[in-house]
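*Asks:* For the sequence shown, the positions run 425 to 495 when the numbering used here is used.
These are calculated hints, taken from the structure and not from any lab test. Any given hint could turn out to be false.
With a cut-off of at most 25 Å between alpha-carbon atoms, the simulated BS3-like pairs for lysine-lysine come out as follows [what the hints assert, rightly or not]:
| no. | residue 1 | residue 2 |
| --- | --- | --- |
| 1 | Lys439 | Lys476 |
| 2 | Lys482 | Lys448 |
| 3 | Lys465 | Lys439 |
| 4 | Lys448 | Lys465 |
| 5 | Lys465 | Lys476 |
| 6 | Lys465 | Lys482 |
| 7 | Lys448 | Lys476 |
| 8 | Lys482 | Lys439 |
Here are the in silico distance ranges between beta carbons for each label pair [what the hints assert, rightly or not]:
| no. | residue 1 | residue 2 | range |
| --- | --- | --- | --- |
| 9 | Ser470 | Leu447 | 27 to 35 Å |
| 10 | Asp460 | Gly487 | 30 to 38 Å |
| 11 | Ala472 | Lys448 | 31 to 39 Å |
| 12 | Gly487 | Arg462 | 25 to 33 Å |
| 13 | His457 | Lys482 | 15 to 23 Å |
| 14 | Asp442 | Pro469 | 21 to 29 Å |
| 15 | Gly486 | Arg462 | 15 to 23 Å |
Each residue gets a CB set at the ideal place from its N, CA and C atoms; glycine is no exception.
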Amino acid sequence: MSTPSNPMHLSIRIKASDDPLDLKALAQSGGQHLYDLRYPKFAFPSEAHQMKYNRIRKELRGGEGSSESKL
Numbered sequence: 425m426s427t428p429s430n431p432m433h434l435s436i437r438i439k440a441s442d443d444p445l446d447l448k449a450l451a452q453s454g455g456q457h458l459y460d461l462r463y464p465k466f467a468f469p470s471e472a473h474q475m476k477y478n479r480i481r482k483e484l485r486g487g488e489g490s491s492e493s494k495l
């Protein structure tokens, strides 16, 4: 078997969002916005990248784990 030529081929994909906070978290976590699909998606090279996206997104929204929620 050969390895896929596209490193994003076996990526984790989730439904895309146009929310500026989600896009900022996507950029900071190393994900990509895929536009060439029927439905836009966010893609991550690994589960670790998706987990980082979720953590950053939660922090940007002021959720648990952010410095604002500890005040």
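*Asks:* Of all the hints numbered above, which does this structure not satisfy? Sort the numbers upward.
*Replies:* Of the numbered hints given earlier, those the structure breaks are 9, 11 and 15, listed in rising order.
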